[in-house]
Structure formats: C-alpha cells, structure tokens
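Okay, here's what each chain looks like letter by letter:
Number of protein chains: 4
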Amino acid sequence: MSKPAPLSKRLAAEGMGTAFLLMAVIGSGIMGEKLAAGNTAIALLANSIATGCALAVLILIFAPVSGAHFNPAVTLCMALQKKIAKRDALAYIAVQIASAIIGVASAHLMFGEPLLFASEKIRTGGGQWWSEFIATFGLLMVIWGCVKQNLPAVPLAVAAYITAAYWFTASTSFANPAVTIARGFSNTFAGIRPEDVLPFILAQVAGALAATMLLRWLIKPS
Amino acid sequence: MSKPAPLSKRLAAEGMGTAFLLMAVIGSGIMGEKLAAGNTAIALLANSIATGCALAVLILIFAPVSGAHFNPAVTLCMALQKKIAKRDALAYIAVQIASAIIGVASAHLMFGEPLLFASEKIRTGGGQWWSEFIATFGLLMVIWGCVKQNLPAVPLAVAAYITAAYWFTASTSFANPAVTIARGFSNTFAGIRPEDVLPFILAQVAGALAATMLLRWLIKPS
Amino acid sequence: MSKPAPLSKRLAAEGMGTAFLLMAVIGSGIMGEKLAAGNTAIALLANSIATGCALAVLILIFAPVSGAHFNPAVTLCMALQKKIAKRDALAYIAVQIASAIIGVASAHLMFGEPLLFASEKIRTGGGQWWSEFIATFGLLMVIWGCVKQNLPAVPLAVAAYITAAYWFTASTSFANPAVTIARGFSNTFAGIRPEDVLPFILAQVAGALAATMLLRWLIKPS
Amino acid sequence: MSKPAPLSKRLAAEGMGTAFLLMAVIGSGIMGEKLAAGNTAIALLANSIATGCALAVLILIFAPVSGAHFNPAVTLCMALQKKIAKRDALAYIAVQIASAIIGVASAHLMFGEPLLFASEKIRTGGGQWWSEFIATFGLLMVIWGCVKQNLPAVPLAVAAYITAAYWFTASTSFANPAVTIARGFSNTFAGIRPEDVLPFILAQVAGALAATMLLRWLIKPS
Numbered sequence: 192m193s194k195p196a197p198l199s200k201r202l203a204a205e206g207m208g209t210a211f212l213l214m215a216v217i218g219s220g221i222m223g224e225k226l227a228a229g230n231t232a233i234a235l236l237a238n239s240i241a242t243g244c245a246l247a248v249l250i251l252i253f254a255p256v257s258g259a260h261f262n263p264a265v266t267l268c269m270a271l272q273k274k275i276a277k278r279d280a281l282a283y284i285a286v287q288i289a290s291a292i293i294g295v296a297s298a299h300l301m302f303g304e305p306l307l308f309a310s311e312k313i314r315t316g317g318g319q320w321w322s323e324f325i326a327t328f329g330l331l332m333v334i335w336g337c338v339k340q341n342l343p344a345v346p347l348a349v350a351a352y353i354t355a356a357y358w359f360t361a362s363t364s365f366a367n368p369a370v371t372i373a374r375g376f377s378n379t380f381a382g383i384r385p386e387d388v389l390p391f392i393l394a395q396v397a398g399a400l401a402a403t404m405l406l407r408w409l410i411k412p413s
Numbered sequence: 192m193s194k195p196a197p198l199s200k201r202l203a204a205e206g207m208g209t210a211f212l213l214m215a216v217i218g219s220g221i222m223g224e225k226l227a228a229g230n231t232a233i234a235l236l237a238n239s240i241a242t243g244c245a246l247a248v249l250i251l252i253f254a255p256v257s258g259a260h261f262n263p264a265v266t267l268c269m270a271l272q273k274k275i276a277k278r279d280a281l282a283y284i285a286v287q288i289a290s291a292i293i294g295v296a297s298a299h300l301m302f303g304e305p306l307l308f309a310s311e312k313i314r315t316g317g318g319q320w321w322s323e324f325i326a327t328f329g330l331l332m333v334i335w336g337c338v339k340q341n342l343p344a345v346p347l348a349v350a351a352y353i354t355a356a357y358w359f360t361a362s363t364s365f366a367n368p369a370v371t372i373a374r375g376f377s378n379t380f381a382g383i384r385p386e387d388v389l390p391f392i393l394a395q396v397a398g399a400l401a402a403t404m405l406l407r408w409l410i411k412p413s
Numbered sequence: 192m193s194k195p196a197p198l199s200k201r202l203a204a205e206g207m208g209t210a211f212l213l214m215a216v217i218g219s220g221i222m223g224e225k226l227a228a229g230n231t232a233i234a235l236l237a238n239s240i241a242t243g244c245a246l247a248v249l250i251l252i253f254a255p256v257s258g259a260h261f262n263p264a265v266t267l268c269m270a271l272q273k274k275i276a277k278r279d280a281l282a283y284i285a286v287q288i289a290s291a292i293i294g295v296a297s298a299h300l301m302f303g304e305p306l307l308f309a310s311e312k313i314r315t316g317g318g319q320w321w322s323e324f325i326a327t328f329g330l331l332m333v334i335w336g337c338v339k340q341n342l343p344a345v346p347l348a349v350a351a352y353i354t355a356a357y358w359f360t361a362s363t364s365f366a367n368p369a370v371t372i373a374r375g376f377s378n379t380f381a382g383i384r385p386e387d388v389l390p391f392i393l394a395q396v397a398g399a400l401a402a403t404m405l406l407r408w409l410i411k412p413s
Numbered sequence: 192m193s194k195p196a197p198l199s200k201r202l203a204a205e206g207m208g209t210a211f212l213l214m215a216v217i218g219s220g221i222m223g224e225k226l227a228a229g230n231t232a233i234a235l236l237a238n239s240i241a242t243g244c245a246l247a248v249l250i251l252i253f254a255p256v257s258g259a260h261f262n263p264a265v266t267l268c269m270a271l272q273k274k275i276a277k278r279d280a281l282a283y284i285a286v287q288i289a290s291a292i293i294g295v296a297s298a299h300l301m302f303g304e305p306l307l308f309a310s311e312k313i314r315t316g317g318g319q320w321w322s323e324f325i326a327t328f329g330l331l332m333v334i335w336g337c338v339k340q341n342l343p344a345v346p347l348a349v350a351a352y353i354t355a356a357y358w359f360t361a362s363t364s365f366a367n368p369a370v371t372i373a374r375g376f377s378n379t380f381a382g383i384r385p386e387d388v389l390p391f392i393l394a395q396v397a398g399a400l401a402a403t404m405l406l407r408w409l410i411k412p413s
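Protein chains in written order, with our numbering: chain A, 192 to 413; chain B, 192 to 413; chain C, 192 to 413; chain D, 192 to 413.
This is chain A alone, in the form it adopts within the complex (with noise of 0.2 Å):
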C-alpha cells in the first residue's frame, strides 16, 4: 500500500484475486458437497479449508498491488478511513462485483454447471442476519487489528479467521458483498437465493461499521 501502483493495475489485481476468490468458494463447495456422500460437515470443512488457503494465497500476493480488499464491505471502511480515495473506491466495489460473477461462471464452467443459475438457497431470519453482522464485524476487526498495529500477518490472520468463521457462524459467514451478490448466480452448495441477497449485505455494512469505529477507539494509539 505504500507504494501505490497505477489505478489500471489495483483494479486487475483486485480483479484476479476476486474472482479466484469465488472460484474457490464455489467450486470447493461443488466438490464438497459432490463427494460428502450426504455428510455435509465434510463438504463444509473442504469448503472452509480451501477458501481459508486461497484467501491466504490471494492476499498475501495481490496486497502489495491493490491493497487485496477484495471485499466492497473492507473498500467501504477504508474510504472512510481516508486510506483510499472516493473514485478509486467505487471503481474497486465495481470490479469486485464483476469479477465475483465471473468467477462463479468458470467454476461452474469447471464443474459442468449453467454458466450463471439463480440459487434457490434460502437463507434468512434473524439469525442468519445476526450472523452475517457478526462476521463482518469479527472481519473488519482482524483487518483494522493488523492494519493499525503493522502485524504482516494479515494474510494468513483473514484466512484463519474466514476458516473459523464457516463454522462459527450459522450463515458460514459470507462477510461480503460481492461474494453474496455472485453467490446468487449460483444453485449449489454455496449458494443463496437472490431475494435473500440484500438483508445479507445490510447486514455485513452494518457490522463492518461497527467494527470500524470501535476499533478506531481502541487501537487509536492513546
């Protein structure tokens, strides 16, 4: 982040590291679910494990170019906070969203699926959307903890904690707008039925803000 690169580049790093992303919550949930023989805590726990290890991959190469939000929730926060600017900020959440799709095409492309289906995954209620607060929150806090306090461990931190989050969770933490919006394209295991979308993202906005400022008090140095 210290160095920034041209806006033509972040936007293709963030891009990459987005739809590689989705690659792999889609198409680690499809394999999941195809081999579990009905056991879905094994499909949950590949699908947790494999986005835990790509997330780790895709931050830790692409941070040094875009910042590696991949997230329109964390572009949101860091706007905010003044670590990038308005107009680089939407054109990130654009591109996130676009990429996300794109990337559920090619797992399903991968996998022999439609190309793009709506999920007919229901996911609502106020548990799933308490969930949905939390994980955000939990999110923004690991990423504001790292951040302000220089720990070169965010990497591997996001990860750990998205891997955690799968479980603790009772939506298995989408944490991410993008993520939700593309996830609707797609009738499999990790799916979510598109009328379900929206709260989900309110939800999410509403933690990482919560988490922003809370940690704007207390790791502010005092």
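Be aware that a few hints might be false.
No copy labels: a pair is met if it fits in one copy or bridges any two.
Stated by the list, open to error - Below, a list of computed lysine-lysine pairs in the DSBU-like style, where the Cα atoms sit at most 30 Å apart:
1. K273 with K339
2. K339 with K312
3. K339 with K200
4. K273 with K411
5. K411 with K277
6. K274 with K339
7. K274 with K200
8. K411 with K274
9. K312 with K273
10. K339 with K225
Derived by calculation from the structure, the hints in this document are not laboratory data.
We have chain A; now place chains B, C and D onto it with these hints.
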C-alpha cells in the same frame, strides 16, 4: 505488552477476545454437530480447527493491547510472576468471565437457541480431571516457553497447542476457567453440566501453577 | 537462487523433491481411499492436506539449492524469463519426469502395489481441461506474485494454493506435467488414464504461459 | 543450540517434549477412533493433525533449550555429525525412551485405559519396513535441510512433514525409535505389537543414516 494501553482499552480487548473465542467454541460446536450426521469425530475436527484458527487471530490482534490472556488461569499466573498488577488482574478476570457468557449468548442467538440454558453434558471423573490438569499445564508450558524466550510465535503456538489438545485429552481441553463457566450455560456440543464446572477449574489452576513453577526453573537464564 | 549450486546438486535436489512429492500425492491417495470407507471427500481431504504439507516442506528445503521447481511448466516459464539457462532447464525437466516415476514406484512399494501399472481412471472433457488451465494459471500467478515481489512465503503460498486447488478445480489440480505423466503409471486414487495425459499437459502449459504474460505486465515495477 | 543449557535442563526439556509428543500421538489416536464411528480415515486425519500441531509447538519451545530431538534417531545423527557430545547423546536417548513410556501411561490415564499394556496391532512386512525407511529418511532430510541452511522454520517444517508422512507411508510414519518402543505398550489405535518393534527401529536407523550421508554431500557449502 511493552507499552501498556490504558486499563479501559485493555479490558475492552480482553472482553472482545474472550467473547469471540466463546462464539468460536460454541458456534462451531453447534454447527459441527448439526451437520456431521452423527459422526462426532467430524464435529470435533471442525470444532478444533475453528477454535484454533480463531484463537490465533484473536491473540495476534489483541496481544499488543492487553496481552490477550482471555483466560483467568493465565492472568493468575501472570500476576504471580509480576507481569500484571494484582488489581488489574482481578478486573481482567471479571471481564473474561462476563464476556465469555456474552459470547455464549451471541452464539446461541445466531443458531436460534435459548440465550443461556444450563448444560446437561456430564464431564466428570478422574480421567477428565487429569485431562484438564495436563491440558492447562501444557497451555502454560507453551505460553511461558514462548514468553520467556521472546519467541514471536505465541499466537500460532497457542492455537496449534489447543487444536492438538482438543484431541489428545479426554476432556477436549477446556483449559480455561472462564470458558468452563460459560460453557456451563450451553446445552450444546461444547457444554458442561454446572455441577462439573468446579472440579474442572481446580484441575486447571493446579496445572497452570505446576507449569509456571517448572518453567520458571527450566527456562530461567541459567 | 542467488548463489547457484553446481548442476549436479541442483538436479539431485529437483530429483529428491519431485520423488517425495509424488510419494505424497500417490501414497496419501492410496491410504485415504483405503481407510475412507467409500467417502471420497475424506480421502481427498487427506490427500490435499498431505500434498500441501509435503510441498511446503520440500520447497522450503530445496529452494535454496535448485529453486525447487519440481514441475516442467514452472521450469519452462523460468527459462522464458531467463531465470535459468536453457540447457539446464532441459536437464531439470528430464530429471523431474524420471524422479516423478521413481516416486510413484516407491509409493507402490510401500503399499504393496505393482511398481508401475497403467491407470484406468478417466479424466477428460472440457471441464477438466478448463480446470487444468485455471489450476496451472493460478500456480504460476502465485509463484510470480511471490518471486517478483521478493515475498519469502513461497513455500507456504504454493502449498496453500495447491491444497485449495485440489478442491476448487474439477480435475483436482494436477497443474504439473511431470506429475501428470507419473500419475499415468498408477491405477490408484490419484491416477489418470495414459490417453488423457496429453490434453492435460497442453492445458497446463497454456495456463502457465498465460499467467506468466499477465503477471509480467501486472507486477513489473511500474 | 548456540548457548547450551546445563545438561539437567536439556534432559528435562527432552523429557517433557517427548512425553507430550506421546500423549498427543496416543491420546488423539484413542479419541479419534472412539468418535469416528468406524471411519478410520477420520481417526487418522485427527491423529495426524493433532500430532503435527503438538510437534510444531514442542519443537518451538524446547529447541532453544535442548535442540528438541525427542527422537533417538535424530540424536544419533547429531552425535555422528558432532553436534552433540557422545555422553550427552546417550543420556538424551535414555530420557527419550523413558519419557515416551511415561507419556503413553499419562494418555492411558486420561482415557481410563490400563497404564501400560502390550499392543496386539500387527505391523510387519516389506512394505512397512520400506515405509519406515522412507519416513525416517525424509525426516532427517527435512531436519538437515533446515539446520544446514539456517532456516528458522524447523518447527513448522518437521510438523508439516510428519502430518504428510502419516498419510503417504503405509506404516503411518513412526520414524522414531523411542516412539516405536513406547507405542508397543499401548493396545490402542496407535499401538504396535512388541515383536514388530525391532525391525521398525532398524529401518528407521538405516533411513536416518542414509539421509544424513546424502544431505552431507548435497547441502555442504560447495
């Protein structure tokens, strides 16, 4: 630990860390059991991996603020070794216990369970107590081993130790009095009957003290 | 890579690394399938974790000697970018293929299988080839991302990437021509029918070259 | 290893480390088998992850004190390479064997098994012995690879190697004479029939010596 934050921030860090730790323990236990179709080993695998991942992240981000104890047995030993003032230690312990219970309630809210409800899970007998003695002995052995030798790997070391100890002790390694009390309020996978809590805590404190003594001799610069 | 060892030692390092890599891939596949009681997801989970762990260690210890390619696609791209002399690259590739086959035979010896026997496992079709293109694209993306930015985490990054890619590609990510050829000689969990080998290799080389081009633009100091 | 502690402390470190290692191996084996409902792959997955995690931590904290051998084959090779005095090496080996047996007894105590009881688990034949040769060859390859190149990642490297080797060798990689002897006293998941112990140890020592020779040539500054 070198530049102490004000007590209010240190307590906030202990509180957030302990609450998230309990969400990870309880939430991933519920999710694991729900999905594992009766295969308890898969549930415990998910539970141990999620707890380890969460612990690594929480220690990483909160250690610079509060030391990231999240555990009255750790705070007690730190106080005995003059690493924390006695009055602060009492405040730490009170916040740890309260936050642990809040974490349990938050996890229950995500999964649609009653906020708090007494566990009926029996955990008693000599094998269990010996397990808790060993689990907490090992935990403090790891912490002092890292702290006294200035090894920066504390977050990973503690996380890896706990993931292992979930499996190699017959009690699944509570190793933490605040966690033990809070798990008494959860009639789920990770719960413990209230009447079984006290012997667990006694074994934990004994193990923690024994390790602190032994490591004091073993690793004191000779 | 900074202080080059004599070619004989570099080839020995490539040979030992590739042989152990194949033992890990084939051996853990056999063990996983043998124990998993028909639940292929558990077998693949073991296979992916064992391969990732082995890869991390092998790259760690042999990278200072030979660069730890273990993969003709990597050696090819390194040669194109002038990181290795052409004549040395040919020797690397020959040793990688021979050692991969030796590794397969050694694994078979451990598990009481015939030393080498043609696989009957069908792996063909557009989804599989797209998978191998993506898998190898991603592998080179990770390698160049680390190498060009001087990130010391190559061993962990490659290992985490491959563990994830086993799950998120439909082909379980061979991503390595030497590995693909050698797996043709194993009629076990990780095998591939000899007639399916060539298209896999073509897709792998295409993916590797595409990533090398793209990263050359993306991460070249701007 | 640079500033040697007095022998008493080094032996205490070897003893505690080896005892905890055996608790991890035996305890997680019992727990895994008990919970896995007959799916041995899940039991071995838990066993391999728990052993790897424990090993990483134990090497991390005890390496600065004693070198963290926990393994007579390692101590033997270190003595041959003049890294430890012969008399000290004999003391190390005696303590390793005694502590390994104590660790087994402690694990049995946790799980309500007889303190020590002869195993009836058959582990014999050429495939098993070749497995132990390879397993210990690989272990020493990893250790020397790290030690000779001053790589600080020894704890993670050994842990990752052993986690992988549990899966890719037919014997589940004992790779340690003290561990092998001690596992002869446990008629549980990780046990080995007493009459099968000696050939395992011979294969282990042969593998360790072969790797030491080969790495001496390969990685000696050329």
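Now for the hints, and whether the structure bears them out:
1. K273 with K339: both (13 Å within a copy, 29 Å between copies)
2. K339 with K312: Neither. Shortest intra-copy (38 Å) and inter-copy (42 Å) distances fail the 30 Å Cα cut-off.
3. K339 with K200: both (25 Å within a copy, 15 Å between copies)
4. K273 with K411: both (15 Å within a copy, 27 Å between copies)
5. K411 with K277: both (23 Å within a copy, 26 Å between copies)
6. K274 with K339: both (12 Å within a copy, 25 Å between copies)
7. K274 with K200: both (17 Å within a copy, 24 Å between copies)
8. K411 with K274: both (15 Å within a copy, 24 Å between copies)
9. K312 with K273: This pair counts as neither: shortest intra-copy Cα distance 37 Å, inter-copy 50 Å.
10. K339 with K225: neither (42 Å within a copy, 37 Å between copies)
Of the numbered hints given earlier, the model fails hints 2, 9, 10; all others are met.
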